[in-house]
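Protein chains in written order, with full-length UniProt numbering: chain S, 1 to 457; chain X, 1 to 457.
Wrong hints could be hidden among the right ones.
If several chains are the same, the list does not tell them apart, and a pair holds so long as it fits within one copy or across any two.
Simulated crosslink set (DSSO-like; lysine-lysine; CA at most 27 Å straight-line) [to be verified]:
hint	residue 1	residue 2
1	LYS85	LYS302
2	LYS65	LYS399
3	LYS318	LYS65
4	LYS302	LYS211
5	LYS403	LYS174
6	LYS403	LYS211
7	LYS403	LYS269
Simulated from the structure, these hints should not be mistaken for lab results.
2 protein chains.
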Amino acid sequence: MSALPEALSEALAGRFGERFSLAQAVREQHGHGESHHTTAIPDGVVFAETTEDVAETVSLCAEHKVPVIAFGAGTSLEGHLIALKGGISIDLSRMNSILRVSSADLDCTVQAGVTREQLNNDLRDQGLFFPIDPGANASIGGMASTRASGTNAVRYGTMRENVLALTVVLPDGKIIRAGSRARKSSAGYDLTRLFVGSEGTLGIITEVTVKLYGIPETISAALCSFEDVSQAVDTAIAIVQLGIPVARMELMDRGLIAAVNRYSGLDLKLEDTLAFEFHGSPASVEEQVAMVRDIVRDNDGKDFEWASSPEERNRLWKARHNAFYAVVSQRANAKGWSSDVCVPVSELGGCILYTRELLKDCKVPAAILGHVGDGNYHVVFAVDPSNEEEMAEVAGINKQMVKRAISVGGTCTGEHGVGTGKIAYMREEHGNAVDFMALLKHAIDPAGIMNPGKILP
Amino acid sequence: MSALPEALSEALAGRFGERFSLAQAVREQHGHGESHHTTAIPDGVVFAETTEDVAETVSLCAEHKVPVIAFGAGTSLEGHLIALKGGISIDLSRMNSILRVSSADLDCTVQAGVTREQLNNDLRDQGLFFPIDPGANASIGGMASTRASGTNAVRYGTMRENVLALTVVLPDGKIIRAGSRARKSSAGYDLTRLFVGSEGTLGIITEVTVKLYGIPETISAALCSFEDVSQAVDTAIAIVQLGIPVARMELMDRGLIAAVNRYSGLDLKLEDTLAFEFHGSPASVEEQVAMVRDIVRDNDGKDFEWASSPEERNRLWKARHNAFYAVVSQRANAKGWSSDVCVPVSELGGCILYTRELLKDCKVPAAILGHVGDGNYHVVFAVDPSNEEEMAEVAGINKQMVKRAISVGGTCTGEHGVGTGKIAYMREEHGNAVDFMALLKHAIDPAGIMNPGKILP
Chain S
1 MSALPEALSE ALAGRFGERF SLAQAVREQH GHGESHHTTA IPDGVVFAET
51 TEDVAETVSL CAEHKVPVIA FGAGTSLEGH LIALKGGISI DLSRMNSILR
101 VSSADLDCTV QAGVTREQLN NDLRDQGLFF PIDPGANASI GGMASTRASG
151 TNAVRYGTMR ENVLALTVVL PDGKIIRAGS RARKSSAGYD LTRLFVGSEG
201 TLGIITEVTV KLYGIPETIS AALCSFEDVS QAVDTAIAIV QLGIPVARME
251 LMDRGLIAAV NRYSGLDLKL EDTLAFEFHG SPASVEEQVA MVRDIVRDND
301 GKDFEWASSP EERNRLWKAR HNAFYAVVSQ RANAKGWSSD VCVPVSELGG
351 CILYTRELLK DCKVPAAILG HVGDGNYHVV FAVDPSNEEE MAEVAGINKQ
401 MVKRAISVGG TCTGEHGVGT GKIAYMREEH GNAVDFMALL KHAIDPAGIM
451 NPGKILP
Chain X
1 MSALPEALSE ALAGRFGERF SLAQAVREQH GHGESHHTTA IPDGVVFAET
51 TEDVAETVSL CAEHKVPVIA FGAGTSLEGH LIALKGGISI DLSRMNSILR
101 VSSADLDCTV QAGVTREQLN NDLRDQGLFF PIDPGANASI GGMASTRASG
151 TNAVRYGTMR ENVLALTVVL PDGKIIRAGS RARKSSAGYD LTRLFVGSEG
201 TLGIITEVTV KLYGIPETIS AALCSFEDVS QAVDTAIAIV QLGIPVARME
251 LMDRGLIAAV NRYSGLDLKL EDTLAFEFHG SPASVEEQVA MVRDIVRDND
301 GKDFEWASSP EERNRLWKAR HNAFYAVVSQ RANAKGWSSD VCVPVSELGG
351 CILYTRELLK DCKVPAAILG HVGDGNYHVV FAVDPSNEEE MAEVAGINKQ
401 MVKRAISVGG TCTGEHGVGT GKIAYMREEH GNAVDFMALL KHAIDPAGIM
451 NPGKILP
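Build the full structure now, drawing on both the sequences and the hints.
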């Protein structure tokens, strides 16, 4: 029930008119992401259209020591958008201009609110694409802020590797530019990567320059199923270790296949499944496929089936992208809770079998899926947040998964970010490096107004 | 002529015995890198063997507010090692243990003093290699500190992309671990990449975990020559834009070929030359070669010649790696001065022609070379540092190159780092983001003891 200082309200209303909202419905919409985390609504919402809008909002909030939370597409899974201490949500969704595309340099600059689907629709005619795809149609700014990745990361890297430069509004309202369009640089501290993954706690990203890629001459997808999940994982590990440059390699356990079939009207075989995509020239794709097919056979995989037409392929990946919603929709009024660990690939088999064991007696609908080429996998649960017992059960499983991941040299979050959901594990993963992170946070945002209560314990 | 506080000298002598040296010859050896920058010798040298040695040295220096400078292989080109304010040089070359290699996960952890050649010699029997190669046989810690790259970066990335985790000694002597062995993570601030490229100004890197790669099934190298350097550059740009995954693509102008022929006993044709290396399966290499050959032909390239045997190939790349020394050795008692800019590839042709123009009347021996696939190129000058007039001339050319690079969206240093040599351009390149870098520096190292006078104006 915190309220804004009247002077701030008046200043924002004077500056932004109808683009500043105090309406309950608008505020509620900005107080949560897409997952199970409790909603906490901001005191007001500013709809920014330019970097200067963001800078002026932050500057006014800084003056009044009022929190600011950046809001993109609202697809956060770890509570990043929750206004724990009230404040102003800065909605960047109207900052949706693609500012510049260079097909010669394979890069572009976009406003933070541009979504990945919007960008790819725009690029298609030029034969280009932006590969990072976290499933949801997230904003590029949000993806940078959480260091997102997704199905293509095994080939193309994550936002960490694909952001070249950023425009950032600092906690005092100053605007800086981090990085350049050069593909590499040794010119000082890597501010770009300091802000990538900082979840709005150090500044607000308003423009992003990213690498692009030519749409491959040949794209080919395939599915194969296994009687046992460990055979699927062994297949994935062998492919990684041989350095075969698959573009996508996704594990979907049989529970997920069932959910996806129902949600997306598919009729995939109800078995633990690996889905592949291959990118390259015809000869290179053919070669990759031949190698993968051999490895699949060695691991008793069955039915190496093609999704050969673009339509069939798109249907497959759309279904995969909707996996989260597919699991959640299995249960009326459920919310999704997605765990998200990443481990060295040699540890992946053990971790997934351990997770299977943990899920054995779990009464909450759950499915395992993963970007197994990176060692990153998820369990999506369809939870009833009002049921304390089951929330505790899922929290317990999540905790065991994280502890196992950290104990084998992995991380508590491969791609969803810390938000509020993983704060409890930061010290276990990073030890006293967390104190160093806190030192940075305090130096950059001494008043603590940038997305307070996220990332750091 | 600054001297160490007696109490510090005594403490270091007590702790390290003969591994702490005040000898003039030892100090002189630690007061410079390999380039033209003026020597400034430290007040003492500690030969560290463990992270704890480094931590205790830093801790003692912090107590006395005495500067500390990390020293690896001594191959710096931008004055990183110069003890501008005296202090202790911490020599890490005895920290040369390879701590762990995982062929299953394609990663390893090494002490900071391990050199890239040592690492690759060790890895070869396991069929693995570490691709980053800045020419010199630098230490992995030094390469991380300067965000080094080299000839393979067009395919494998730079230290930015290849360091997974670090052990770092902070300015107060505390030891932290940044990152993990997970291939990707969204767990908080990217401390790994904050220290990569920070040139010892924020902390001292003592252990590095890096990605490894399987030695490609097929490796093939080729040379082709051009009458005009712009044809060579156009060829390189076309190859990048088509996304052909060449492993190396190096420009060597005719001046460099002459120097290299003499220094390394080769008889390469005296023309502007592109040198390629292709990695992959036999079919993929064949395909890459065919595509490159077509592009070379379209740009009037001649003599697409093979360095087909491993011996011939190694001789070629060894000669390329020695390019810096080859140019410098053309003149008795000369020092090398290597410029180092990186621009978007579409700007590369214009920049290199502009550079040619700048060099037209230059009386100092000079040659152009570059990792043109990344837009990164160098002019190596063989200067006489005692000749003020020629130093001013080279400084002027260097400045014009940098200004041009920055004006087209590039950077003042692609891979050598800032050191003292590029400080003057930091504000021009980064604008007020330099103030933000200074804020970080001050927060992390409030006493300013970590490699003072480097990176920041």
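**Request:** Run the structure past the numbered hints and jot down the numbers of the failing ones, going up.
**Result:** Hints 1, 2, 3, 4, 7 contradicted; others consistent.
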